[in-house]
Amino acid sequence: YQALATGEMPHLPAKTSSFKVWAERVQEHARGPALKSELAYWQAQLQGLSDNLPCDNPHGRRQLKHAAYVGGRLEREWTRRLLQQAPAAYRTQINDLLLTALARVVCRWSGEAEVLVRLEGHGREDLFEYIDLSRTVGWFTSLYP
Numbered sequence: 058y059q060a061l062a063t064g065e066m067p068h069l070p071a072k073t074s075s076f077k078v079w080a081e082r083v084q085e086h087a088r089g090p091a092l093k094s095e096l097a098y099w100q101a102q103l104q105g106l107s108d109n110l111p112c113d114n115p116h117g118r119r120q121l122k123h124a125a126y127v128g129g130r131l132e133r134e135w136t137r138r139l140l141q142q143a144p145a146a147y148r149t150q151i152n153d154l155l156l157t158a159l160a161r162v163v164c165r166w167s168g169e170a171e172v173l174v175r176l177e178g179h180g181r182e183d184l185f186e187y188i189d190l191s192r193t194v195g196w197f198t199s200l201y202p
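The letter at position 55 of the sequence shown is residue 112 when you use the working numbering, and the numbering goes up by one with no holes.
Since the hints were made in silico from the structure, they are not lab data.
Please note: incorrect hints may appear among the correct ones.
[Claimed, not checked] Simulated restraints on C-beta separations:
(1) T193 - R161: 32 to 40 Å
(2) P67 - R119: 45 to 53 Å
(3) R148 - P90: 27 to 35 Å
(4) Q59 - S94: 45 to 53 Å
(5) S75 - W166: 39 to 47 Å
(6) L155 - F197: 18 to 26 Å
(7) E132 - V78: 41 to 49 Å
(8) Q150 - E95: 20 to 28 Å
(9) E134 - A97: 42 to 50 Å
(10) L140 - A91: 28 to 36 Å
(11) P67 - N152: 37 to 45 Å
(12) P70 - R148: 33 to 41 Å
(13) A87 - Q150: 20 to 28 Å
(14) G64 - G129: 48 to 56 Å
Here the structure is a predicted model, which is why all the values come from computation and not from measurement.
The beta-carbon is built from N, C-alpha and C at its ideal position, and this holds for glycine as well.
Construct all of the structure, not just a fragment, from the sequences and the given hints.
The following block contains the structure:
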């Protein structure tokens with residue numbers, strides 16, 4: 058923008074990997090031996106689980122106007138404990154603790170022993186050598202259990 062503002066021609070850095078190249082590499086990876094060896098495990102984990110939450114009218118239209126928002130805030134000391142002490146005590150990360158809390162609450166509310174939570178990753182992890190997405194525009198997210 059500075060170059061344009063001063064009347065100069067902008068010079069962009071070199072192009073990084075394309076979305077197409079990344080997508081092809083992801084497909085190769087998904088069909089590869091590393092993930093195939095895990096397939097039976099993940100299929101067993103998902104056996105019999107549903108990602109549908111119970112509702113009063115399962116055949117009705119689920120409209121946003123019927124949704125409710127519940128919010129809250131943690132005091133500074135509780136936030137510090139959650140972000141610093143709990144992960145150290147349980148040798149885990151904050152996301153694991155929050156997901157555990159969510160799963161426990163949904164199980165208690167739904168009466169189910171287990172709950173399936175689909176997570177979404179930003180998809181820009183360094184999974185592949187020679188793939189650089191730092192300047193690539195696109196939606197790279199992936200869903201996983």
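Verification of the supplied hints:
Judged by the Cβ atoms, the range 32 to 40 Å given for T193 and R161 holds: they are separated by roughly 38 Å. Between P67 and R119 the Cβ separation comes to about 47 Å, which falls inside the hinted range of 45 to 53 Å. Our hint of 27 to 35 Å for R148 and P90 holds, since their Cβ atoms are close to 30 Å apart. For Q59 paired with S94, a C-beta distance near 51 Å keeps the hint of 45 to 53 Å intact.
Roughly 44 Å separates the CB atoms of S75 and W166, a value that falls within the hinted 39 to 47 Å. Between L155 and F197 the C-beta distance comes to about 23 Å, which sits within the given range of 18 to 26 Å. A hinted range of 41 to 49 Å for the beta carbons of E132 and V78 is consistent with their spacing of about 48 Å. Range check, Q150 to E95: Cβ separation about 21 Å, and the 20 to 28 Å hint holds.
Distance hint check: the CB atoms of E134 and A97 are about 45 Å apart, consistent with the given range 42 to 50 Å. At roughly 33 Å, the beta carbons of L140 and A91 sit within the given window of 28 to 36 Å. Our hint of 37 to 45 Å for P67 and N152 holds, since their Cβ atoms are close to 39 Å apart. At roughly 40 Å, the beta-carbon separation of P70 and R148 lies within the given 33 to 41 Å, and the hint holds.
A hinted range of 20 to 28 Å for the beta carbons of A87 and Q150 is consistent with their spacing of about 25 Å. Checked against the given bound of 48 to 56 Å, the beta carbons of G64 and G129, roughly 53 Å apart, stay inside it.
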